[in-house]
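**Q** Sequence:
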Amino acid sequence: MPQFITAAEAVRLIKDGDTLIYNNFLGMYNCEQLSAALNERFRAEGHPKDLSIYCTAGLGGWAPNTVCEQIITMGAVKTLYLSHYASMPVTAQMVLDNKIEAYNLPFGVMSHAVRAAAAGHDFVISDAGLNLFVDPKYKGYQLNERSRQELVEEIWINGKRHLKYAVPEPDVALIKASSADSRGNISMENEPVIGDPLSIAQATKRRGGIVIVQVEKVLDTPRRPIEISIPAVLVDYICLTPEQTQIQGIPGSDPKFAGDVPMSDEALVEYAKGHASTNPKDFAKQLIARRAARELKEGDVVNIGVGAPEFVAVEAARNGMLPKVALTVEAGSMKGLPMGGLAFGAAMGTQAVVTTAEQFDLYDGGGLDICFIGALEIDAEGNVNGHYNPKKLSGIGGFINITQFTPRVVFCTTFTAGGLEIARDENGLHILKEGKFLKFVPQVTALSFSAQNAHENKQNITYVTERCVFCLGETGLVLTEVAKGIDVKKDILDLLPFPVEVAEDLKEMEF
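Reading the sequence shown from the start, the letters are residues 0 to 510 in numbering that gives the first Met the number 0.
No wet-lab data here; the hints were simulated from the structure. Some hints could be false.
To be verified - Calculated pairs, DMTMM-like style, for lysine to aspartate or glutamate (alpha carbon to alpha carbon, straight line, at most 20 Å):
hint	residue 1	residue 2
1	K457	E294
2	K159	E455
3	K483	E507
4	K138	E100
5	K14	E44
6	K483	E425
7	K323	E265
8	K435	E420
9	K457	D126
10	K483	E420
11	K432	D493
12	K488	D378
13	K77	E144
14	K483	E503
15	K216	E242
16	K14	E39
17	K204	D170
18	K296	D264
19	K488	E433
Input sequences plus hints: build the corresponding full structure.
**A** Shown next as structure tokens:
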């Protein structure tokens, strides 16, 4: 049976040089209390040090130096294996400044790699990442000069090229859950999504490591077996932390996130409309989402990404499509209304929650009909950089798994960034102030999405901005729609650093 100890006692079990594996999706199921205790120990003792961290997503926070990031920024960590860095801005800058060894791999691949490690495998084979920055021919997953581990190889099977990814080798698992029952079994009934807790515990125990779980409460009676996320036999230590929150940065707990309060389609629509942003800075994103949501078809299974795509869910409610489609997030929610901001990854009124690995099984297998996702850069060929530039490290997250295998991909981005101001009236859209940075470039800095792959996979690709829409043609971008009030030459073509084809039947963009 697992032993109950305090968070301070638990972190004393971590040794110098250990690899810590976190079950974490940004602000979801983030073990803040264990992290805080680890921070305190390092401040007091300078140990444990030379740690490595493996997290299939990122450690959340979104603000500089939040509790789960501090163990990194204080210097206790030497190596990072993450799919997402944007939620840890200080860490991201450390990586760009070559101050820490760091790797960036696809979220779905990392999740499947954990499951493979749990099953005793030394690698996982995937097509996710072929011809993209993680491909061995680019080695873009090695984020700086310090980072020289070979984590991805090419492998040929029956004459077809695939990628072979290394699996994690964890010494300590740090997991946040909702409760432990009287036998020490772990359940996650209050979490909006659950990640891969069982695979993480299994992978750690396989290597003789220790599994530490923090919970909000201990139940007097055993849970039903079907409700158990991690059986007691796979848990070494349990820390009771009643002060833990449901979502990092958001006080308290909302039963609607955990599905304790069922929500009808009508209630979800009204909730979405009532929570539409009124921030003028979001106006461009709202227009983008309004146009993007017109791509939805009844019966679609959909992925909603972070950033501008978050607004698509609200627009789907506004135009009546929300009850007719299944919105999903890579964290594991199915149906309902995906949340944005600190709560990204959660969904209001979700009808089912699966593990992250299971969700990516769906995505990798082509189970999505359409996805909405952001972009940092788009080039003349239609390639997209969604994760990296020398001044901004976002991390790839689920971007590759989502965009590489989905038949219809809608990129959502402003035409320019850094101060863009727009207005709209009966005469159409007006650019009051152009952004300082053009999102369209001659060649992307890093390859997150390949137009060549898209052509080979026969995908339908659309690029939606606040002022115009492009599609992926045979040789590159094709301008297909322009908003009323926009001067095609002055506001679009003259700003592009490359020529684009203009559709013969150029349409007025509808919002």
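**Q** Compare the structure with each hint and give your call.
**A** We went through each hint and held it up to the structure:
1. K457 x E294: holds (17 Å)
2. K159 x E455: holds (14 Å)
3. K483 x E507: Roughly 6 Å separates the two Cα atoms, so the pair holds.
4. K138 x E100: It holds: about 14 Å lies between the C-alpha atoms, which stays within 20 Å.
5. K14 x E44: holds (12 Å)
6. K483 x E425: holds (9 Å)
7. K323 x E265: holds (12 Å)
8. K435 x E420: The given pair, whose Cα atoms are some 11 Å apart, holds under the 20 Å limit.
9. K457 x D126: holds (16 Å)
10. K483 x E420: Given pair K483, E420 holds - Cα atoms ~16 Å apart, limit 20 Å.
11. K432 x D493: holds (16 Å)
12. K488 x D378: holds (18 Å)
13. K77 x E144: holds (13 Å)
14. K483 x E503: Within the cut-off at roughly 17 Å; holds.
15. K216 x E242: holds (10 Å)
16. K14 x E39: holds (15 Å)
17. K204 x D170: holds (8 Å)
18. K296 x D264: With a Cα-Cα distance of about 17 Å, the restraint between K296 and D264 holds, given a limit of 20 Å.
19. K488 x E433: holds (15 Å)
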